[in-house]
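> In case you want the letters, here they are:
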Amino acid sequence: MIDEIDRIAADATTRAEAAATLEDWRALDVELNGKKSTLGGFKRRLGELDPDERRTVGAALNRAQEQVRAALAARRAELDAAARHAQLAAERLDLTELRPPHQAGHLHLVTQTMERLEDVFVGMGFTVAEGPEVEDDWHNFTALNLPAHHPARDMQDTFFVELGELGDVVMRTHTSPVQIRVMETEPPPIYSVMPGRVYRQETADATHLAVFHQIEGLVVDRGITFAHLAGTIDTFTKAYFGEGFSSRLRPSYFPFTEPSAEFDIQRPDGSWLELGGCGMVNPNVLRNCGLDPEEWSGFAFGFGLDRLAGMRHGVPDLREIMSVDIRFLAQF
Amino acid sequence: MKVLLSWLREFAPFDGDPEHLGELLSDLGLAVEEMQTVGEGLDGVVVARILDIRAIDGADKIRLVDVDPGDGEARQIVCGAANIAVGDTVPLATIGAVLPGGFEIARRKMRGQESAGMLCSARELGFGADHAGILQLDGALQPGTPLREALGIEPDVLYDLEVNPNRPDAMSVAGVARDLAARMGLPFTLPSPRVTRTGEPADAVATIELADPDLCGRFQARVLRNVTVGQSPQWLANRLTQLGMRPINALVDISNYVMLELGQPNHPYDLALVPGGGFRVRRGRDGEALTTLDDVERRVSVDDLLICGADDTPIGIAGVMGGASCEISASTTDVLLEMAWFRPMAISRTSRRLGLRTEASARFDKGCDPEVIDLAADRFCQLAAEICGATTAPGAVDVRGELPDRSPVRVRTARVNAVLGTDLDAPTVAGHLESIGFTTTPVGADHDVVVPSWRYDSSAEIDIIEEVARLHGYSRIAPEPLPSSRTGRLTERQLERRALRRAMVGMGLAEAMPLPFLAPGELTRCGLPDVGISLANPLVADESVLRTSLLPGLVQAVAHNATRRQLGVGLFEIGHVFRPPPADQLLPDERECLAAIRAGLDAEGAVAAWQVVADTLAVADATVVNAEVSGLHPTRSGLIVVAGEAVGELGEIDPEVLARHDIGERVAWLQVDLTRLLALPHGDRPYRLVSRFPSSDIDLAFDVADPVPVTAVEATVRTAAADLLDSLQLFDVFRGAPVGEGRRSLAFSLRLQAPDRTLTDDEVQGVRQAVIAAVEQAHDAKLR
Chain W
0 MIDEIDRIAA DATTRAEAAA TLEDWRALDV ELNGKKSTLG GFKRRLGELD
50 PDERRTVGAA LNRAQEQVRA ALAARRAELD AAARHAQLAA ERLDLTELRP
100 PHQAGHLHLV TQTMERLEDV FVGMGFTVAE GPEVEDDWHN FTALNLPAHH
150 PARDMQDTFF VELGELGDVV MRTHTSPVQI RVMETEPPPI YSVMPGRVYR
200 QETADATHLA VFHQIEGLVV DRGITFAHLA GTIDTFTKAY FGEGFSSRLR
250 PSYFPFTEPS AEFDIQRPDG SWLELGGCGM VNPNVLRNCG LDPEEWSGFA
300 FGFGLDRLAG MRHGVPDLRE IMSVDIRFLA QF
Chain Y
0 MKVLLSWLRE FAPFDGDPEH LGELLSDLGL AVEEMQTVGE GLDGVVVARI
50 LDIRAIDGAD KIRLVDVDPG DGEARQIVCG AANIAVGDTV PLATIGAVLP
100 GGFEIARRKM RGQESAGMLC SARELGFGAD HAGILQLDGA LQPGTPLREA
150 LGIEPDVLYD LEVNPNRPDA MSVAGVARDL AARMGLPFTL PSPRVTRTGE
200 PADAVATIEL ADPDLCGRFQ ARVLRNVTVG QSPQWLANRL TQLGMRPINA
250 LVDISNYVML ELGQPNHPYD LALVPGGGFR VRRGRDGEAL TTLDDVERRV
300 SVDDLLICGA DDTPIGIAGV MGGASCEISA STTDVLLEMA WFRPMAISRT
350 SRRLGLRTEA SARFDKGCDP EVIDLAADRF CQLAAEICGA TTAPGAVDVR
400 GELPDRSPVR VRTARVNAVL GTDLDAPTVA GHLESIGFTT TPVGADHDVV
450 VPSWRYDSSA EIDIIEEVAR LHGYSRIAPE PLPSSRTGRL TERQLERRAL
500 RRAMVGMGLA EAMPLPFLAP GELTRCGLPD VGISLANPLV ADESVLRTSL
550 LPGLVQAVAH NATRRQLGVG LFEIGHVFRP PPADQLLPDE RECLAAIRAG
600 LDAEGAVAAW QVVADTLAVA DATVVNAEVS GLHPTRSGLI VVAGEAVGEL
650 GEIDPEVLAR HDIGERVAWL QVDLTRLLAL PHGDRPYRLV SRFPSSDIDL
700 AFDVADPVPV TAVEATVRTA AADLLDSLQL FDVFRGAPVG EGRRSLAFSL
750 RLQAPDRTLT DDEVQGVRQA VIAAVEQAHD AKLR
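Chains as they are written, first to last, in numbering that gives the first Met the number 0: chain W, 0 to 331; chain Y, 0 to 783.
Keep in mind that the hints were calculated from the coordinates and are not lab data.
Ideal Cβ placement from N, Cα and C applies to all residues, glycine included.
To give an idea of the chain W side of the interface with chain Y (calculated C-beta under 8 Å), a few residues:
1) LEU106
2) ASP167
3) GLN200
4) THR224
5) ARG249
6) ASN281
Chain W stretches covered by chain Y per the calculated footprint, using a threshold of three residues with CB under 8 Å from any CB of chain Y:
7) 214-222
8) 228-240
Now the in silico label distances, taken between C-beta atoms and shown as ranges:
9) W:GLU183 to Y:ASP159: 37 to 45 Å
10) Y:LEU189 to W:PRO186: 47 to 55 Å
11) W:GLU183 to Y:GLU775: 53 to 61 Å
12) W:PRO99 to Y:LEU489: 29 to 37 Å
Model the full assembly from the supplied sequences, consistent with the hints where possible.
Spelled out as structure tokens, the structure:
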């Protein structure tokens with residue numbers, strides 16, 4: 000009987016190993032491993048044997064069933080693997096063929112520069128203030144110590160807007176009117192930068208634009224000195240340009256600051272970049288904003304940022320910065 | 000402002016490296032824009048006299064010139080200039096000479112004729128721009144004299160300085176020298192001209208009447224007689240040329256020389272031609288006109304100051320330009336000299352109004368020195384005597400009007416240090432100020448300071464502190480960190496703007512910054528109301544109207560790209576738009592808008608962009624309402640409504656607008672008024688429990704009439720399903736049989752879920768019935 004069991008087991012194993020499809024395998028699993036299988040029949044008949052025989056035949060039977068199950072399991076694993084392979088092969092994709100329609104867009108060059116600058120100043124403890132681009136004479140000129148007919152108004156070619164009397168309303172020529180608006184509305188101490196778009200009535204060329212962007216800073220507090228101005232410019236220079244850069248101040252003239260200075264940045268190779276203007280807020284400006292210059296003092300600084308934006312990427316002609324051509328915009 | 004180092008040296012003993020002097024000038028606030036060495040490279044150029052001029056056979060442009068270069072051996076030169084005659088004295092560059100610019104003279108042959116050198120123009124010799132012909136030299140010069148010696152040209156350094164409006168004193172060679180000498184601790188000396196006076200006194204000859212003393216602070220006249228008006232001597236012509244002025248005649252050149260040297264513009268009149276033999280200084284009258292020296296007729300106004308003859312006939316525009324009627328000429332023998340101080344604001348206004356900026360107005364409008372007039376007049380008379388043989392009448396006619404107040408200004412030493420962050424003591428402050436002519440009187444620890452007459456700009460304590468800073472040196476003020484630590488941050492609005500920009504970039508859009516100025520008619524071309532505010536003085540007419548919407552700029556940007564075969568472009572912009580001011584406001588209604596434009600996409604592209612905006616800002620209660628919107632496709636456009644307020648528009652650009660811009664694609668459009676939207680409630684994102692319990696889905700399809708917006712049906716569904724509704728999805732829209740004409744099927748999927756339990760079948764059925772009943776009742780809808 001044991002021989003017969005071994006023979007049945009060997010035969011079942013061979014058949015399990017030969018199952019060609021998952022379907023065949025399932026049928027075999029029922030036939031060879033189920034309750035109605037041949038080996039299962041032997042098991043039911045074990046009770047008919049005497050105890051000694053029952054023990055040896057029982058053991059043989061268990062061995063045989065184990066052998067058949069193992070064979071089926073092994074074959075199942077092989078069939079599963081084959082099926083997975085077939086499916087993966089069928090699903091093969093060449094990723095180099097794929098061109099999805101969706102790509103990341105692009106922040107404008109000027110925005111990127113403006114945000115970098117804002118971040119540097121926020122890191123230095125400044126807030127960011129904003130104001131309108133169309134301004135009245137008071138905020139753009141008069142309050143900034145540039146009364147009517149002041150010759151220094153010629154320094155800023157102005158677009159006049161057809162509202163009110165000619166000269167009442169202008170496209171702001173600088174971001175400085177935001178200083179006035181901040182001082183008129185917020186009590187000091189003030190530590191703010193004002194980025195924004197400004198307008199000059201002059202024909203654009205490779206280094207000048209009629210519509211461009213500036214950022215300027217204003218500090219008003221007790222005990223602020225020219226030394227603090229120099230220190231702030233230097234801190235900014237190193238924070239924005241890098242540790243190898245330094246700054247210097249040269250006497251200059253702006254109606255809204257006194258003493259006034261130009262500030263230049265020295266690159267690590269020793270060359271200079273004339274960046275912007277700065278100075279101590281003129282006492283007249285403080286007075287125009289209702290602040291007592293004996294109690295409060297401050298400084299202001301400002302510079303154009305389109306040139307910085309262009310320099311970062313080597314744009315040779317500033318006029319290109321205002322291009323709406325996607326082949327330009329998508330470069331940055 | 001150009002200055003020559005040799006001229007500066009007449010006032011103070013400047014030596015040392017010219018480069019270093021330039022750095023000091025820059026550090027004093029007189030930025031050196033250009034520094035160049037002049038008067039070099041003239042070795043081998045000599046004075047020569049023309050002996051003969053002969054034609055060359057077959058050549059009409061060049062001739063043979065025989066010259067005597069002083070060594071007794073005539074040379075033959077081939078020359079193309081027409082302004083030469085036998086007997087002329089001219090510069091000859093001999094063989095081997097190297098001209099400025101590195102041009103070396105070699106033996107050459109032209110038309111078979113040998114040329115032993117070259118006759119030179121002023122420009123070829125490196126001084127002046129004159130290239131009209133060969134430079135004519137003084138006939139008295141000995142042939143063979145090296146040209147540099149003959150012209151008195153020394154190698155020199157020319158500085159071109161940028162002079163700020165607050166430095167009237169630096170508009171003269173003497174003024175620049177004063178500043179530099181002070182910084183270097185060198186003695187500074189002004190010239191002290193000696194003038195011999197003879198004849199009838201000036202005040203017996205001429206009169207001055209100041210009708211408007213508010214505009215003219217001082218007016219002095221001198222009388223010079225026996226003047227011979229010839230060419231200027233070479234040294235004087237050289238200096239004018241090098242500083243960029245053209246020599247005209249000796250008397251005019253002297254006038255310019257005095258202005259350049261001392262900063263005092265002045266005007267010599269032919270005395271014989273001055274009507275009434277004196278001056279009357281008054282405002283212009285409306286309708287009055289006169290012809291200026293440049294032969295242009297100028298209309299004047301009551302804001303302009305005129306110099307008139309004693310009989311009231313205008314003979315010059317004060318401080319700007321003299322009239323043609325009394326011009327100095329070769330026949331002039333007697334001269335009436337004007338030296339005056341005019342109110343800067345008046346000169347600035349006139350010069351600007353006439354569009355006429357002259358060397359004189361550039362000085363007067365910054366503020367000249369009313370007290371240098373005596374010295375300048377003496378200097379003029381001295382030079383006129385030396386050069387033109389003039390005799391000077393004794394005395395002067397001198398009238399004073401209103402001059403700037405020069406009362407002492409209290410300068411507090413503590414204030415100086417408080418502004419500058421320095422620790423200067425009172426004597427140091429005084430020392431700096433005294434070095435540039437400010438007078439100081441100690442008052443305790445402070446000083447009373449009298450500002451010198453040449454510093455019109457300086458009148459307040461802070462002006463004087465600036466001078467201390469300048470002389471002390473900005474570079475010597477040690478940078479200090481800001482005193483207290485503060486916290487910097489962006490405002491919510493600034494953070495939201497940044498988030499919006501990044502969300503738009505995430506959608507694949509590129510940020511554009513079109514010009515905010517439009518051509519007249521462009522708003523109409525874009526289907527928008529023609530209410531744009533205009534610029535009074537645009538650079539070009541095509542950029543003269545302020546945009547009222549971001550639409551025209553971005554449509555033009557799409558068109559720009561389309562004509563360059565860049566289709567399907569997606570752009571966004573955050574920028575200001577300007578609408579007419581509301582009543583009782585001067586400034587326009589200026590708003591910040593966000594716009595997205597997506598070529599090649601239909602309105603769904605606009606809705607998608609809006610969803611991203613709404614999500615980014617967490618806008619509550621936003622709905623899209625179908626509506627006709629200016630500039631947009633009439634049946635594919637709508638408004639965005641938040642809390643009952645329209646805050647934006649979306650859809651597609653009107654096909655007519657696209658056609659006008661030659662755009663062949665559909666173009667999706669979104670514009671949101673950020674000023675308005677960000678003022679409405681948004682950004683609130685309260686925590687909502689994510690339920691652990693299973694959810695149940697119900698799908699419902701309704702047959703709904705076309706005019707009923709889906710948003711309205713959705714609102715009904717939400718209300719009816721109430722708290723158990725987790726999410727609502729419109730998953731199918733179907734038109735056509737069996738759905739009736741003018742109607743469509745809307746299929747919604749509702750996911751129901753409770754935070755605290757598994758829903759029972761009864762609950763789910765209850766919601767289902769409630770939703771069906773509500774939708775059917777509210778919207779003339781039928782469950783399908």
